[in-house]
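Two chains, two separate frames, one set of hints: put the complex together.
Residues per chain, in single letters:
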Amino acid sequence: MRCGLLVLIVSSGVALAAQRSAVYDSERQIRLEGAVTRIEWINPSALLFIDVRDAGGVVANWAVEVGNPIDLERNKWTRRSLRIGDVVTVEGVPARGLARQALARSIMHKATGKRLFDLPAPRPAAAGRTAPAPRWPDGQVRLGPAPGQKGYWAATGVRALVESTAANVRMNDEGLLANLADADRVAPMLPWAKAIYLHRQRTLLKDDPLTRCMPPGGPRQFQMPNGVQFIEQREVGRILVLMGGGNRNWRVIYTDGRQQGQAAEVVLTYYGSSVGRWEKDTLVVDSIGYNERFWFSNGGLPHTEALHLTERISRPDLNTLRYDVTVDDPRTYTRPWTGGLTLRWVPGEDIEEYFCEEGITP
Amino acid sequence: MRIVVASLIGLVVALRVFAAAAQEGHPLTGTWSGDWGPGAAQRTHITMVMTWDGKTVSGTINPGPEAIPVDSIGLDVTNWTVRFEADAKSASGPIRITADGRLDDIASAHRTITGTWRQGTAKGDFKLTRD
Numbered sequence: 140m141r142c143g144l145l146v147l148i149v150s151s152g153v154a155l156a157a158q159r160s161a162v163y164d165s166e167r168q169i170r171l172e173g174a175v176t177r178i179e180w181i182n183p184s185a186l187l188f189i190d191v192r193d194a195g196g197v198v199a200n201w202a203v204e205v206g207n208p209i210d211l212e213r214n215k216w217t218r219r220s221l222r223i224g225d226v227v228t229v230e231g232v233p234a235r236g237l238a239r240q241a242l243a244r245s246i247m248h249k250a251t252g253k254r255l256f257d258l259p260a261p262r263p264a265a266a267g268r269t270a271p272a273p274r275w276p277d278g279q280v281r282l283g284p285a286p287g288q289k290g291y292w293a294a295t296g297v298r299a300l301v302e303s304t305a306a307n308v309r310m311n312d313e314g315l316l317a318n319l320a321d322a323d324r325v326a327p328m329l330p331w332a333k334a335i336y337l338h339r340q341r342t343l344l345k346d347d348p349l350t351r352c353m354p355p356g357g358p359r360q361f362q363m364p365n366g367v368q369f370i371e372q373r374e375v376g377r378i379l380v381l382m383g384g385g386n387r388n389w390r391v392i393y394t395d396g397r398q399q400g401q402a403a404e405v406v407l408t409y410y411g412s413s414v415g416r417w418e419k420d421t422l423v424v425d426s427i428g429y430n431e432r433f434w435f436s437n438g439g440l441p442h443t444e445a446l447h448l449t450e451r452i453s454r455p456d457l458n459t460l461r462y463d464v465t466v467d468d469p470r471t472y473t474r475p476w477t478g479g480l481t482l483r484w485v486p487g488e489d490i491e492e493y494f495c496e497e498g499i500t501p
Numbered sequence: 003m004r005i006v007v008a009s010l011i012g013l014v015v016a017l018r019v020f021a022a023a024a025q026e027g028h029p030l031t032g033t034w035s036g037d038w039g040p041g042a043a044q045r046t047h048i049t050m051v052m053t054w055d056g057k058t059v060s061g062t063i064n065p066g067p068e069a070i071p072v073d074s075i076g077l078d079v080t081n082w083t084v085r086f087e088a089d090a091k092s093a094s095g096p097i098r099i100t101a102d103g104r105l106d107d108i109a110s111a112h113r114t115i116t117g118t119w120r121q122g123t124a125k126g127d128f129k130l131t132r133d
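Protein sequence lines, in the order shown, are assigned to chains A and B.
Note that the working numbering has the first sequence beginning at 140, numbered continuously upward.
Note that the working numbering has the second sequence beginning at 3, numbered continuously upward.
The set of hints was computed from the structure by calculation and includes no laboratory data.
Predicted, not measured: the structure shown is a model, and the values here were computed from it.
Please note: incorrect hints may appear among the correct ones.
[Stated by the list, open to error] For lysine-lysine, the following DSS-like pairs were computed, each having C-alpha atoms within a straight-line distance of at most 30 Å:
1. K215(A) x K253(A)
2. K333(A) x K57(B)
3. K57(B) x K345(A)
4. K91(B) x K129(B)
5. K215(A) x K249(A)
6. K57(B) x K91(B)
7. K91(B) x K125(B)
8. K333(A) x K129(B)
9. K345(A) x K129(B)
10. K129(B) x K57(B)
11. K289(A) x K419(A)
12. K289(A) x K215(A)
This is chain B alone, in the form it adopts within the complex (with noise of 0.2 Å):
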């Protein structure tokens, strides 16, 4: 009965894998989703959005009525490293975000950005994925 069903959870696992899609053109482009933070206590969501242009990639920090444009994402091809900077709104202005992290995983469907977010004077980590 257990290896029934070691296999049945092995079957589904085997079809969600093979069953996605991966984005097969510019590595950032789409929704991607994650969060950062000092540490695992305390984690802040992100949902950003990246699009490629041809000469330019633009992006969006949290998509909606809070939302903050990314004034600059850079992707350097040769070590897939990549670097966004952002100014979020406060009360008492502006907020300024800047992330360094690397781009694993080129090849899959759910490709994943990690690094170091720093937000003001807080600096955390932060992964994303890619939805």
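Next comes chain A alone, as it looks inside the complex (with noise of 0.2 Å):
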């Protein structure tokens, strides 16, 4: 019977790591009441299980997904909140189909009438521009924290990657198109490249490589949600880049003045190979080496080993780091092409390490 139950965890951790899209149906709501049964303080997400029952009077039992543990206890929220119990009254977001699954946006403790949990907030990101980026003792801009302080880079706003030069192309942070005919748009790509992004469109992104803990190579690492880090080794001449979530690999970008490998010879990885330059207050990073097995940006932009991204990653005050990227992949695309995304920095923290196990728990 333990097994069982084993099995039935790692099935739910499985559904719940696929995109969010994917799983719930955004254009509906759903008011659940019923006794805590059962309370799973996990990453990627917290569950509470609850016994509804419904106006015929079956009970039917409930998994509502509260958002990730960290988030949760950020905002005061722990596992001793609730009680094996308890009624609660779970205001959120209905999965699709008929699972018997919500995502909560509120929820509310009946006996009392406390509000235990809102939606947690963003990311209390620093606002505006308060200060000059910091720099190096030889005048170089840090892309991390000055010394004894703290503080990672957070993508804020829209988090999806398009090219420059379209405007309004509307999608969520997930890269889902609010408008498929909006997919000539995103980026230039050759008619097998758009037809396999407009599948993984069309199918909600259910089969993003992400959500079974392949790591986010590219500008993805850049719209991950729970943020970035520069760790800059000046020492031994790389920077490293770290990421809040996945599973705790890390991007590598030598900066000691060496050349670029060529293609043919460089070890196909999910980070590619990178090679980094100042260039006045501008790191250009120039990566190949990538392999096939992930996404490079989300929303389900297609590449193939032929992938070659410059990054210029810049840092023009405190608080704002800016990306910008040139696609190049002409297996993909019919030509290079640029877009860009804009962070910003979160102080006094250090990036939260979300575990991310391959196959199990996202």
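Spelled out as structure tokens, the structure:
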């Protein structure tokens, strides 16, 4: 029986790992009331299980996703905020299909009327151009925190990557287009690439390798909801790019003056082979050697092993990181194209460790 | 006990399924294997390697000493149909191979192409699964 429960948990973890658009129907709302039967305080999302009685008196057990435990604890919600048997009212979004599963937007303790949970607010990113970017003693801009301080970069606002000349392409943070007819404006895709992209969009990104804990190479690392951090190891001539989330791997950008390898000599990986150099205050990174086992941008833009990225990373002020990337993959796109993102500094915190274990619980 | 065994089998299957890493690039790129034949009792193994260079999909049937270079590979992305054309060698001269199939389950690491295979005067069905 214990093994049976284990399989159930594994399956639940995989289901929850899928893109939220694929799992939940944001066009519908649901209100549930019932007693808590179980609390699972797990990554990537804590779950409440409640017994809900329908109009006919039939009781069914619902799984209610309430968000990542780290975010919840930041908002003063702990695993002891509710006890087994407490009756709660949940407002949220139901899962697609017939699954008895919902994504909570608010939870209220019925006996006290106290609102226990609201959808966690976005990270408290710093606002405004309040100060210049910190610099190393030789004047080089720091991409990480100043000495003795903490902080990391969080994607804020629109996290989707589209060609910079395309205005008003509406999509959500997962890269899901509001209008599929806009696909041509996202990037100049070859016919096969557009067909694959549309297939991924129509299937609500359910096959995203990220949901199987595959590393997010390329620009996608900067689109991750839990932010990124730069570790500048100048003494060994490299910069590490860590992400909050995933399976705790990192990308290496060599800044020791080495030349980029020839593509045929490079071992193909999720993060590719990256060589960076500073052009005044902009870090220019040349990357090749990507494998084809991941999506390099949210929304499902495809690529091949011919992918060549030129990234330009700059910090115009303390709180702003500008990330621009030129995508050159002649096997996927009709021409090179450029897109970009702006990230905001989250002061006083380290990126958080969300563990993602392939095949079990991302 | 039956529940325990069934659960363990389920767990192993789940882990096997989710451990597979799909190839997310051009959907024909890779090594495919399967067979063709006029019926279940008469099957001929096929291994096929395909690559995409940005303009053309090229391929080889049964790489090795008896390799058959594929003359043309067409993919219609509007309906995911595929067509191969090649000439197999034989003592009496080349034998034309044409195959028309459909690419299915394109998001899977182990997507498939199934359809009709013609080799000279012989005709049968075929199925290739991406390794």
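Verification of the hints:
Restraint check: the Cα-Cα separation between K215(A) and K253(A) comes to about 14 Å, which is no more than 30 Å; the hinted pair holds. Note on K333(A) and K57(B): the hinted pairing holds, with a Cα-Cα distance of about 15 Å set against a maximum of 30 Å. Proposed proximity of K57(B) and K345(A) is supported: the alpha carbons are some 29 Å apart, at most 30 Å. A distance of roughly 22 Å separates the Cα atoms of K91(B) and K129(B); the hinted pair therefore holds under the 30 Å criterion.
About 19 Å separates the Cα atoms of K215(A) and K249(A), which keeps this hinted pair within 30 Å; it holds. The hinted pair formed by K57(B) and K91(B) meets the criterion: a straight-line CA distance of about 27 Å does not exceed 30 Å. Simply put, K91(B) and K125(B) have alpha-carbon atoms about 17 Å apart, close enough for the 30 Å limit, and the pair holds. Between K333(A) and K129(B) the CA atoms are separated by roughly 26 Å; this keeps the pair inside 30 Å, and the hint holds.
Taken as a hint, the K345(A) and K129(B) pair is honoured in the structure, with Cα atoms around 26 Å apart against an allowance of 30 Å. A C-alpha spacing of about 25 Å is found between K129(B) and K57(B), which places the hinted pair at or below 30 Å, so the restraint holds. For the given pair, K289(A) sits about 25 Å from K419(A) by alpha-carbon distance, which is consistent with the 30 Å threshold. Proposed proximity of K289(A) and K215(A) is supported: the alpha carbons are some 22 Å apart, at most 30 Å.
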